[in-house]
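Peer 1: One-letter residues, chain by chain:
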Amino acid sequence: MSRGKPEPVERIKQRRDRALAVLVEAVPYIGFLGVSFDRRGDELTGVLSYDPKLIGNPLLPALHGGAIASFLEVTAIMELSFTLLWDDVESGRIAAESLSPETLPRLPKTIDFTVDYLRSGLPRDAYARARVNRQGRRYASVHVEAWQDNRQRLFAQATGHFLMPPRDG
Amino acid sequence: MTGRDGEGGAAGPADGIAQKARIARQFIAAIPFSGALDMRLEDIGDGMATISMPWSAALVGDPKTGVIHGGAVSALMDTCGGAAVMCHPEALAGTATIDLRIDYMRAATPGQRITARAECYHVTRSVAFVRAEAWDEDRSRPVAAATGAFTVERPASGDKP
Numbered sequence: 010m011s012r013g014k015p016e017p018v019e020r021i022k023q024r025r026d027r028a029l030a031v032l033v034e035a036v037p038y039i040g041f042l043g044v045s046f047d048r049r050g051d052e053l054t055g056v057l058s059y060d061p062k063l064i065g066n067p068l069l070p071a072l073h074g075g076a077i078a079s080f081l082e083v084t085a086i087m088e089l090s091f092t093l094l095w096d097d098v099e100s101g102r103i104a105a106e107s108l109s110p111e112t113l114p115r116l117p118k119t120i121d122f123t124v125d126y127l128r129s130g131l132p133r134d135a136y137a138r139a140r141v142n143r144q145g146r147r148y149a150s151v152h153v154e155a156w157q158d159n160r161q162r163l164f165a166q167a168t169g170h171f172l173m174p175p176r177d178g
Numbered sequence: 106m107t108g109r110d111g112e113g114g115a116a117g118p119a120d121g122i123a124q125k126a127r128i129a130r131q132f133i134a135a136i137p138f139s140g141a142l143d144m145r146l147e148d149i150g151d152g153m154a155t156i157s158m159p160w161s162a163a164l165v166g167d168p169k170t171g172v173i174h175g176g177a178v179s180a181l182m183d184t185c186g187g188a189a190v191m192c193h194p195e196a197l198a199g200t201a202t203i204d205l206r207i208d209y210m211r212a213a214t215p216g217q218r219i220t221a222r223a224e225c226y227h228v229t230r231s232v233a234f235v236r237a238e239a240w241d242e243d244r245s246r247p248v249a250a251a252t253g254a255f256t257v258e259r260p261a262s263g264d265k266p
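Respectively, the protein sequence lines represent chains A and B. If you're matching positions, the first sequence starts at 10 in the numbering used here and goes up one per residue. If you're matching positions, the second sequence starts at 106 in the numbering used here and goes up one per residue.
Derived by calculation from the structure, the hints in this document are not laboratory data. Check the hints yourself; a few may be wrong.
For the chain B half of the interface with chain A, some residues (derived, Cβ under 7 Å), not all of them [as the list claims (entries may be wrong)]: (1) 123; (2) 135; (3) 136; (4) 141; (5) 146; (6) 150; (7) 153; (8) 160; (9) 179; (10) 202; (11) 204; (12) 209.
C-beta atoms are modelled at their ideal positions from N, C-alpha and C, and glycine is treated no differently.
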């Protein structure tokens, strides 16, 4: 890499946002849940926008355990996929402009997923961040944490193992 | 456990189980997220529950294959596990998930209904232990298996009908 003129910041942002948007749009279930992603550099925060359909216990009321598990799994897979795509897009192996749901590399597949419910999910927005603890050629281990009002008070966390998509080349 | 007399029915443990099954059935019908996923209660009673969910384009997790997202299968397993706890003879109506582990054994075939069956195999004063499996139309090969722990909610004191 030459130490030439730095790339215009707008172009960098455009490329990265485009890669993220294509990933999100490709998965219908993300839209069904109402999950979006905030990006700061390569850091992603999943945002689950509150909707009454996410409720599991109407008496409390509390978010459905399955909605929480879904949010965590979606965030874990997105973190892993975005990490993979980031390398391809930043290195120029894949041109961001050419990305579409059809040309997207295959997504990782969940092997197992364990959710730890720490407190009940309140009827309001929730946030989640995932960390890839290990990423090998075939397997990855990802931890994900979710909170609502207070980042220090998690309401759920999960660990999942994933089968990495085959890399051609 | 209190067996309350039904109209002309004999009171007893079986009656109590039937009543719990009725409560669970109504409760599941009132769960918004299970409704959003179009879940259907197939069978319930005595610590066992069977719930199914149709394939839908909105639930797809892998756009290239049309396979349903693991999270939707998790939601089915979680609902089914909770239902199994609620209809266990030693548990009372309310429950919440403490933890749930899902193993995804194979991709569910796109277009096919997924059916989960959960069994609440042990209950202590405070915890209910559950295992569950899910299939698509091929009953010989499960798509997923789950194990979980759920809370057991008991009344403050006494035994009320």
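Peer 1: When the hints from earlier in the document are held up against this structure, which numbers fail?
Peer 2: Hints 1, 5, 6, 7, 8 are the ones this structure does not satisfy, whereas the remaining hints hold.
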